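With chain A's structure known, arrange chain B on it following the hints.
Line order of the protein sequences matches chains A and B. Residue numbering for the first sequence follows our numbering, starting at 1 and increasing by one per position. Residue numbering for the second sequence follows our numbering, starting at 1 and increasing by one per position.
Source of the hints: derived by calculation from the structure; they are not laboratory data. Every value quoted in this text rests on a predicted model; they were computed, and no experiment measured them.
Simulated pairs of lysine-lysine, DSS-like, Cα-Cα distance not exceeding 27 Å:
| hint | chain 1 | residue 1 | chain 2 | residue 2 |
| --- | --- | --- | --- | --- |
| 1 | A | K23 | B | K198 |
| 2 | A | K111 | A | K92 |
| 3 | B | K494 | B | K24 |
| 4 | A | K189 | A | K153 |
| 5 | A | K115 | A | K141 |
| 6 | B | K502 | B | K491 |
| 7 | A | K19 | B | K528 |
| 8 | A | K19 | B | K198 |
| 9 | A | K101 | A | K74 |
| 10 | B | K491 | B | K21 |
| 11 | A | K27 | B | K198 |
| 12 | B | K528 | A | K23 |
| 13 | A | K111 | A | K101 |
| 14 | B | K498 | B | K19 |
| 15 | A | K92 | A | K141 |
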Amino acid sequence: MNKGDELQNTNDKDISANKQNSKVVKKLVLIVFGMFGFGFALVPLYDVFCDITGLNGKTSTTAATYNVEQVDTKRVVTVQFISRTAQGIPWKFEPMIREIKVHPGEVKIVKFYAKNESTRDIIGQAVPSVSPGLAAAYFQKIECFCFTQQPLKANEEVEMALQFYVDPELSEDIATITLSYTLYDVTGKVES
Amino acid sequence: MTTDVIEQDSHDEHHDDHKMKGIKRWLYTTNHKDIGTLYLWFAFIMLLTGGALAMVIRAELFQPGLQIVEPDFFNQLTTVHGLIMVFGAIMPAFTGFANWMIPMMVGAPDMALPRMNNWSFWILPFAFAILLSSFFMESGAPNFGWTFYAPLSTTYSNGSTAFFVFAVHIMGISSIMGAINIVVTIMNMRAPGMTYMKMPLFVWTFFITAYLLIAVMPVLAGVVTMLLTDTYFGTSFFNAAGGGDPVLFQHIFWFFGHPEVYIMILPAFGIVSTIIPAFARKKLFGYSSMVYATASIAILSFLVWAHHMFTTGMPLFGELFFMYCTMLIAVPTGVKVFNWVATMWRGSMSFETPMLFSIAFVILFTIGGFSGLMLALTPVDFQYHDTYFVVAHFHYVLVTGSLFSIYAGAYFWLPKWTGHMYNESLAKWHFWCSLISVNLLFFPMHFLGLAGMPRRIPDYALQFADFNKWVSIGGFAFGLSQLIFLAVVIKCIKGGEKAPAKPWDGAEGLEWTVASPAPYHTFSTPPKIED
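With the rest of the complex left out, here is chain A:
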């Protein structure tokens, strides 16, 4: 074998090695982009997962229809109401009743009071959360101020209604449900 052949051989080797390398690199880069996408896919996946399992105390964002056949009068469930305002929203926001005892299946209406204590118009959005989380799927809201945004002019006040029932399927272990509302300022977001 003369020198030229040898050189040719090494070149061939280099080329085939390069080809093999780029094959592996392409696959790995594909995994990288796939995993980047997977990170974002986790966002809807998480919502679906929480929806199905009722984890995380997220309640349904749409109104429930009442279809309970029999009110379970033997059981009593205590429903507690908590409210808080997020940073930067100068509203007074609180439940008008702190606690209510209901039979599973019984429909109740409670009211929340809100007042815009600032001198500008603000749109608020209340976000509910139920504790314990597993009760979230059984806490049914027929009507709720949290389904829509609530605009309040400066110094305006409002009483907002929540109509709900507790599904009789609720586990026997749960005797108390806490419903917490956090009120956010969404004024800027609505305009844009």
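Then chain B, alone, in the frame of chain A:
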């Protein structure tokens, strides 16, 4: 055969050693040894930087009350300390080892993608320049913890989020490029005859780690991107007002974060599994079980992330699932510890510094593993969560675990890198000072945590004062002890006893068949692997 290789190499070196002089050599280099050296020096500088921040933290915590720094600046210190140590010190140090050793261990002339290798190192200093520059800005450095939980890093950010996000993006790109390079090198560049199950365990652990990096660093990139758009562009991934969920942040972050902790410990397993057989003068006990254990730890690491989130209000079933999966990891980890002990069993051991660090690793990493098991138990985690017990746990696994393995590896291969033996007695000083001070530093933290001292707070209740004083003294001593290492390395580079090709008589592997210091180009012709 062996002598053939060496002759061939010195012959090649004579012809091909076109290295540039001065700074250009380092800027333009595509040589795996140069890049490995760059990574290792960078990691050491970052270790000292992150260490300096820790010194200020410990000085503040020396006494109860606020003495030296403002609470907000304290938060910046803990945040940047964590980020630098994780992304700047431990991970680049391991990439440095991978660059230096993997091509030599598999008998390859260089990494598979040398130009990308240059890139993946040289973007790193910019990432940390961006991160550290935020200290000098009006708003200050990131102050939301290295875990950057939303909404601390979005709604309540001090304005440093953009710097933080871009720094993390660059670090992530660097890690991903490094990992791709490692995988391609190991898959395509092994010498003929070196089958996967004949690779040194060191190479195996880096192979698996590189896959973990490729799988989870993009998820980190995704989550910081969401953070960026939430903070500056009005999206609501983690903002409940817009329909998002802050707990979702923790899920995505820990989906990255838990494999990340194995990214920082699996290479340590590889280093220690190389060193212990060398100084016990026995073959590694249970090689294939080590490979399978490493792989199972990597796979399980994707199923345990929510054990960081037991207190977020998960239902019992979820807590139990993540608790049992987490405890399952103790099985392959236990296999590894057992194998290291069995390798030492009835070996003719000698206790040079690499071995001392490795034995300390086995014992102290196991302590960190046990406190990890305690944290995995859902019922008790409610007590330990966010206390100094957690701080003690992850410093045992990351300092006496990862960092000690890095020191062990550095001493082990320094003769190969520099061509000189390091000063053994100075190295022993480094070891014993580090060993004593590191335990004084981290062991009392267990008790502080159990007694209820929360982490990331610049002040504490009076009853914690005595322990904190000793912890701080241990911290200063540990910090100073690391300067001994710097002295050892500089002395070793400048001179010292000439190192033979194989300075450790029990060592095995292709890297010992080439001269010390390793020639600039090695294995231009692949070596032959004996059966």
